[in-house]
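4 protein chains.
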Amino acid sequence: MDPWRTALVNSSDGSIRIRGYDVTDLMRQGSFVDTVFLLHRARLPTPDERRLLDAILVSVADHGSGAPSCAAARLAASGNRQSFSAAIAAGILTIGEEHGGAGAQCMELIAAGVEEARTDGITLDEAARRLVRRRRQARARVPGLGHRVHSTDPRVAVLFGMARDAKVAGDGVAFVLALEEAARASIKPLPINIDGALAALLHDLGFPPAAGMLLFIVGRVAGLTAEVAEEYTRERPMRIRIPVQYDGEPPRELDGTPVKTPELQD
Amino acid sequence: MDPWRTALVNSSDGSIRIRGYDVTDLMRQGSFVDTVFLLHRARLPTPDERRLLDAILVSVADHGSGAPSCAAARLAASGNRQSFSAAIAAGILTIGEEHGGAGAQCMELIAAGVEEARTDGITLDEAARRLVRRRRQARARVPGLGHRVHSTDPRVAVLFGMARDAKVAGDGVAFVLALEEAARASIKPLPINIDGALAALLHDLGFPPAAGMLLFIVGRVAGLTAEVAEEYTRERPMRIRIPVQYDGEPPRELDGTPVKTPELQD
Amino acid sequence: MDPWRTALVNSSDGSIRIRGYDVTDLMRQGSFVDTVFLLHRARLPTPDERRLLDAILVSVADHGSGAPSCAAARLAASGNRQSFSAAIAAGILTIGEEHGGAGAQCMELIAAGVEEARTDGITLDEAARRLVRRRRQARARVPGLGHRVHSTDPRVAVLFGMARDAKVAGDGVAFVLALEEAARASIKPLPINIDGALAALLHDLGFPPAAGMLLFIVGRVAGLTAEVAEEYTRERPMRIRIPVQYDGEPPRELDGTPVKTPELQD
Amino acid sequence: MDPWRTALVNSSDGSIRIRGYDVTDLMRQGSFVDTVFLLHRARLPTPDERRLLDAILVSVADHGSGAPSCAAARLAASGNRQSFSAAIAAGILTIGEEHGGAGAQCMELIAAGVEEARTDGITLDEAARRLVRRRRQARARVPGLGHRVHSTDPRVAVLFGMARDAKVAGDGVAFVLALEEAARASIKPLPINIDGALAALLHDLGFPPAAGMLLFIVGRVAGLTAEVAEEYTRERPMRIRIPVQYDGEPPRELDGTPVKTPELQD
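Chains as they are written, first to last, in my numbering: chain D, 1 to 266; chain E, 267 to 532; chain V, 533 to 798; chain S, 799 to 1064.
Just chain D, with the same shape it has in the complex:
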């Protein structure tokens, strides 16, 4: 088998370099957020970029034990006390298109919308209106807008404010705000959710859409590890049993005939 190739890490006896930087330099003078940025972008962030990525990771670290990712991690920790990594992995596996995945989808929309505005010589507002109209006709949701719990997600304004202060806010922030306005005008008020805010900032920071999900996972694992630790220390194994209502076939014999309930005798 040929060696696999990589541009990420080079380690040999006594030396570990991440994209060329000595890991001990990063440990002493850099930070974990620098390292995340470096791994994904092949360069170190500016102080403003670092600050925004840091805030993004904080914003998705944990949203409560009842979210699918945390609940699945706890279920696995409840049934399988043998392996922390099994419980964390179960939590991560709930993350996809529907949970933690809207960020990546919204980043695709932003990229397409910004491109459409440029190509057709229209404003971002007009591009956002077109997009919302098409989504509405297709009866599809607009990823990045709306939330099950929050009528206004407090993290959104903070991220946008930080992006503006850092002079990082660009087309991403503008387009997501335009989406919110277009949805409000033609559908109903659908406030920007954390996925939408994260997508706007990551776009303006220059990350590709895939980062919308990958960086969500980096942040969420912080919460998952704590959820699992709490499950181990506070709860007894197998405490969880989800209540279920059966609504399928009534009792039947193997030949398909109904089971005759024996008459009760007195």
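Derived from the structure by calculation, the hints contain no laboratory data.
Just to be clear, a hint being listed does not mean it is correct.
What the hints assert, rightly or not - Have a look at the derived ranges for each label pair, beta carbon to beta carbon:
{"hint": "1", "chain 1": "V", "residue 1": "Asp787", "chain 2": "E", "residue 2": "Met504", "range": "45 to 51 Å"}
{"hint": "2", "chain 1": "S", "residue 1": "Glu1051", "chain 2": "V", "residue 2": "Ile719", "range": "35 to 41 Å"}
{"hint": "3", "chain 1": "D", "residue 1": "Ala138", "chain 2": "V", "residue 2": "Gly653", "range": "27 to 33 Å"}
{"hint": "4", "chain 1": "D", "residue 1": "Ala138", "chain 2": "S", "residue 2": "Arg1037", "range": "31 to 37 Å"}
{"hint": "5", "chain 1": "S", "residue 1": "Met799", "chain 2": "V", "residue 2": "Arg662", "range": "37 to 43 Å"}
{"hint": "6", "chain 1": "S", "residue 1": "Arg1037", "chain 2": "V", "residue 2": "Asp787", "range": "45 to 51 Å"}
{"hint": "7", "chain 1": "E", "residue 1": "Arg518", "chain 2": "V", "residue 2": "Thr793", "range": "37 to 43 Å"}
{"hint": "8", "chain 1": "V", "residue 1": "Asp787", "chain 2": "S", "residue 2": "Lys965", "range": "39 to 45 Å"}
{"hint": "9", "chain 1": "V", "residue 1": "Thr793", "chain 2": "S", "residue 2": "Gln935", "range": "41 to 47 Å"}
{"hint": "10", "chain 1": "S", "residue 1": "Glu913", "chain 2": "E", "residue 2": "Gly472", "range": "42 to 48 Å"}
{"hint": "11", "chain 1": "S", "residue 1": "Glu1051", "chain 2": "V", "residue 2": "Gly653", "range": "47 to 53 Å"}
Since the model is a prediction, treat every value here as computed from it, not as a measurement.
Where is the CB? At the ideal position from N, CA and C, for every residue including glycine.
Based on these hints, arrange chains E, V and S on the given structure of chain D.
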């Protein structure tokens, strides 16, 4: 890298052999249960062995959507509509010492008990009484006895009856029955559960303890695939949110002082 | 939280019913393959249906330790000796669009092709030719055709022969054969692979496309459990290290300047 | 079902608090490393504590694509192009006792050694010598010492130096150094590895042993996300096939007789 070595499967252009047998022979004249037995035991089963392993796999296929394995698979299917395998894997990850793992532990007990009886020249009944006494002193449960739902698990008598009819029942079945009797006499009635029955039969069929968990997984995956398929077809994504009660620190500022709730004005 | 609903399993004290059937009836008079069919199709199979599903599960049980699913399971078993389920889950997670997923995709094609033939009043052969033409124009592969290892996959003819003998072969088998012929005529010889054969049979057995992946997983878990058991018993932990070739940035200081290699002194 | 209880996160409409702190305060004035510390320790870190935890997370972020965690993530990404989370989870599942798990084990040793020194009124050096002696007699490794690649792991001295500068180095660092010396004297030079250094610092920072694995996972997920992103962008699906050497049963018929290889005719 040196090639990995294996005694399981040899495949080359036009040929796939499992432990020496042509896979097409197994497809035409053998069965899936034969193949499971063959993969784990390096020989084909007798008809009686096949019948018992078949019944064991049926017995653990599914016990309801509320069990940790099924619930975690559904949670993952609910949040991540991108990948069936992610949902099945999340379900499997709940399986361990506490869920689906008692079979392997009980097989260890059986092996130790049978060995102790032989070495010390005592009966299996006496060996079982010793074991229950030691467990009781250590305040440890006896794996294979007791169930959260069933006062009598209907699968146990059926498996033991089939093992007797097939003349396979041996030390494993005898020892687990002796455990149940010893627990009843010195602790309380703790009926044999499916893990205990599965352990007894797998011991008598000559499987090593690890098979107690591995074959549970083979059977349970049948149920997990159906649970996931039902979640996709009957339920909308993200329908599940577990209710949570927070009982931690009250609201505080970053400097640790309590948050002053703004007085309500009228 | 409202109870979850399910039509799969109803269990209460002393009773477990799968789609209405008593699990002990299935254990005594049915089989694991019956149970798989029942869970997915809500009825028991005929003897011919059972036989074909049985052969399908055998056909995908294991194809060698080097396949991604088996290799990932072994890597996880090598690094994490704490949990069988973690290793099996790692193996399952490699299954998706590219590995074990072509069956489901091919079932979608078959369904679309059969529908197109019916709607447009054309033969299955013509529908297959159209489909291959469209794929070719889109530079897309035809799932179900071609294999990395086998020029002729020995499992295909066996499955098709069994389906014909059982009088189950229908549009699915016919359409996949037509695809192979259309590809041969307009692209190059691309023999039907196991995914294509599995897709043809599952279509003719009335399964939905999702079953193409779900049943692959049921079968493959048999092999994964044996691969993991072999890794635990034959190999020492952490034996596996994949050789890697670094081709990224050369050594650099945190300020971006190249690392000056200290001159060697003598 | 009763609500689950948690002391980690409280979220309601318009408010998310992590252990009492408003998530938006943490985003604006705190950091991701603060949040990790807070989730696990229920308080914010001091600047020195933050700096050390930050360096620990950097130190384990990635050690090369050939490590089991990274290799399994790439294998899953190679086979299953449907889900990032599936690939990340596969990588995490390789983490356990043998890979990324020595930190937690070493923390158990440190806690036991420090306790033994206190109880028996002996020095940490003497406690370390006793421990190494017992391990040697049991032919067991000392977790935290020795490495497959590095004769001297460059990360260790850096972490210990930072801990000393921050006045955090205490019994943990002292005990691990004593272990290294005791091993050198009675076995052979076994330099402290990253797990041992991480264990020493986390002990001195007041973390429980479980954190040895949980925080390794938090750090490593940064690397896993980048490995998966690189696999998606640089490599074609299914590029990986591990070479395998079969050494099992020779070809045989279902009745067990050897397959007669047809004589070659000329």
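Assuming the hint says 45 to 51 Å, is it satisfied by the Cβ distance from Asp787(V) to Met504(E) or not?
holds (46 Å)
Take a look at whether the Cβ-Cβ distance between Glu1051(S) and Gly653(V) falls inside 47 to 53 Å.
holds (50 Å)
Arg518(E) and Thr793(V), beta-carbon distance inside 37 to 43 Å?
With a Cβ separation near 52 Å, Arg518(E) and Thr793(V) fall outside 37 to 43 Å, so the hint is violated.
Whether the CB-CB distance between Thr793(V) and Gln935(S) falls inside 41 to 47 Å:
holds (46 Å)
Quick one: are Glu1051(S) and Ile719(V) within 35 to 41 Å, going by C-beta?
Holds, since Glu1051(S) and Ile719(V) (Cβ atoms, about 38 Å apart) stay within the stated range.
Given the hint of 42 to 48 Å, is the C-beta distance from Glu913(S) to Gly472(E) inside that range or not?
Between Glu913(S) and Gly472(E), where Cβ atoms are some 45 Å apart, the hint holds.
Can you let me know if the beta-carbon spacing of Asp787(V) and Lys965(S) is within 39 to 45 Å?
Cβ of Asp787(V) to Cβ of Lys965(S): about 29 Å, so the range 39 to 45 Å is violated.
Within 37 to 43 Å: is that where the Cβ-Cβ distance between Met799(S) and Arg662(V) falls?
violated (53 Å)
With respect to the beta-carbon atoms only, verify the hint that Ala138(D) and Arg1037(S) lie 31 to 37 Å apart.
holds (35 Å)
Looking only at beta-carbon atoms, does the pair Ala138(D), Gly653(V) fall within the given range of 27 to 33 Å?
holds (30 Å)
Is the distance from the Cβ of Arg1037(S) to the Cβ of Asp787(V) consistent with 45 to 51 Å?
violated (36 Å)
Of the numbered hints stated above, those contradicted by the structure are hints 5, 6, 7, 8, listed in ascending order.
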